[in-house]
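**Q** Quick note on numbering: the sequence shown equals residues 0 to 722 in numbering that gives the first Met the number 0.
Hints are not guaranteed to be accurate.
Pairwise CB distance ranges, derived in the manner of DEER restraints [unchecked claim]: (1) Pro519 - Glu398: 44 to 54 Å; (2) Asp194 - Thr615: 38 to 48 Å; (3) Asp262 - Asp194: 31 to 41 Å; (4) Glu169 - Thr209: 19 to 29 Å.
Derived by calculation from the structure, the hints in this document are not laboratory data.
Fair warning: this is a prediction, and the values are worked out from it, not measured in the lab.
All residues carry an ideal CB built from backbone N, CA and C; glycine is no exception.
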Amino acid sequence: MGCGLSCGKSGGVVTNSANREQQQQQKNGAKKVEKKDIDEFEERTIQPLPEKRPEDKIFKLAGPTFTGEEVIPCFDNGLLYRIVKDDVWAFYNDTRTYEMHVGFTFNKGSTVRPLGNTKVTNLDGTEEYLAELVVYPGETVKYVRGSFTGFKSKINALPLSEEYLKTKAEQYGQRIEEELVRVREMSDDCTTEDDILAKCVRLRIPFVDTKFPPCQDSIAKGSNRPMKVLPWARQDMYLPDGYAPLVRLFRNKINALNIDQGDLGDCWVTCAIATLAENPFLVRRMFSHPVDPEITAKERAVGAHRVTFNKNGWWQNVIVDNYLPVVGGVAKYARSANDPCEMWVSMMEKAYAKLHGSYANIIAGDPLLALQDLSGYPTTRYDESLAKDIEAEDTELLERLERYNRQGFFIVLSTPVKTAEDEEKEKLYKEAGLLMGFGYSVTSVVHIPEDKISLMQIRNPWVKDVEWKGDWNDSDPKWETYPRVAAACGYPAQVEGCFWMSWKDVQKYFNGCGVVFTHPHSKDYRIRGSFNQGIPDVCVQFTVKKKTYIACTLSQEDHRGKENAPEEYPPIMLTLSSGKGSTSEMQVEQNSNLDADHPTNQFTFMQSRDVGMLCTLTPENSPYLLIPRMMSDKTGVPYVLGLFCDDGIGSDVKVEFQRIPEESAIFNNKADFSGKGKSTVATFQVHCPEEGFPKEFSGKEITQSMSGAKKSDNDSSKKSKKN
């Protein structure tokens, strides 16, 4: 069901053309058009990956392309294999990250004939021959043929050389340049990325992102250290033969365990992606086409994907091509763990890198910030509360987390970042199956005061071969000793990739805790404004007819990836005031602070990118004013207000936009003030939970027709705008 918007008498709210068409159908008595069953991501045509031959199951990768009577591992753990067929030797490199420098010295009396790029030299003063060859990741290369009386070997597995990476980048770069030239030539008359992509689809030209091209600058721009040159390739360039037609955005169940973080060092982003994967609906919605789901497959056919983020508080649709930095036949950075033909993880990370200017710009960060960018929901970090509970041996935070878990909010625990002096501590974490500096999702919280036992079920997508061995591990006899706990935890049933940990051990291993206040069934509203010397030009006035829960956010522009951006954010705050029947005399009810769920009556400005606040509004205290605040003497500083409302804004919740005079006492932090202002026009987005991208409007108020009533004749339509 869409969010139809109607125009009040004070008016100015615009209605989109799709809603107008629906109204006309109702007016003419037309039958409601059923929503098409569209296979947006082409999942009905998914084919399984080719089965490995029985003899290839020893290999980690696809296996060699040359078969022989003997297959001999060159190392105890495989890595490189020598394949012998008659008088021919070949080598297969079963790694993605090593180049194998192969050297065999053949004894006197041997007949040695080099094959391919093998170099054979006669050792001075002897009748021995040295055959040398470098075998790169995934390659099968013929080495020598002949008859051999004996040999000695020297094989080195070395990290991939810069020379190899540059050579590969140059090889792939030829195709990239040809495609880029073609896209630039045909896009002279295009003004937006959407125009360019639409023309590529129409002309069936491979799409290359000219704003974030497949080049080294898109990897390393903004980095404070040198980054290796990496080759970029589309899937048909790096996957094994026959795999490219199998590529889809989604091929498997969306699951945190199917995420491989890759080698970038952006675990804060991959941890956020893994947490979001706990709700597959939210992941899929990010990839939905903003206008027409039937276009998605056509865009994918020319190598393009779209991902929607909530950046700087505003929903933005990001277009990327399907080129990825690759090494050894696999995406170098984040990817699906078990299926090289599944692309959603890599494309989400790439689009996020584009938002920030480069992959380098998303190295290191707070997973809660990434989660807010992915989902738009308010977040709160509870690190201090976790530390206080440890010192006081208290369970206050635990009890709150139990409640948040019941409400379906995401809970994220973080391990300490590793330092040079932490070798012993790192060993402790490895033995526990945990990584330092990573985030972990909490999937369940069980608190049983009668037994004085509190447990958390934690998902560990990062280490798959080490099981938790502490208290409450799968074979701990405590499960038999405490049947009430076992029943509450669903023991002995197990959840893949999860383990139970006592609250005491949580406090021992984790030093960070955060909550994402998810509202997947709420309508999401975004309102743009700007501060002028700390005075907002748009405030929100609520009038409610019944008790109403509203979650609010205030976002300023992110500094990440911005050149010459200041280190600190200007302090911001949200203030909610009530008028009890009038705006003439208003009283501050609550202000935002570090904790979105526990606002304060103190004026508390936070040096933060975003702040959030959960509010309950009642008819007897209406009207309310939500006032964004900033401590800054600059002009034209943009901000975005976010509102989440379960029932939507409409007949029971009225929202009007007000401009409060700068001389108002509220801007001097007075709790009592006059809320009389002027009605003002604002640009806003309306994001319904079942829609992939919000509709954008402009007006003096937001109203929603819940009864399908006829809209005013002066309604005008405005296309959904994408960034």
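**Q** Each hint needs a verdict: does it hold in this structure or not?
**A** Hints, verified against the model:
no. : hint                        : result
1   : Pro519 - Glu398: 44 to 54 Å : violated, 24 Å
2   : Asp194 - Thr615: 38 to 48 Å : holds, 45 Å
3   : Asp262 - Asp194: 31 to 41 Å : holds, 35 Å
4   : Glu169 - Thr209: 19 to 29 Å : holds, 21 Å
When the structure is compared with the earlier hints, a violation turns up for hint 1 alone.
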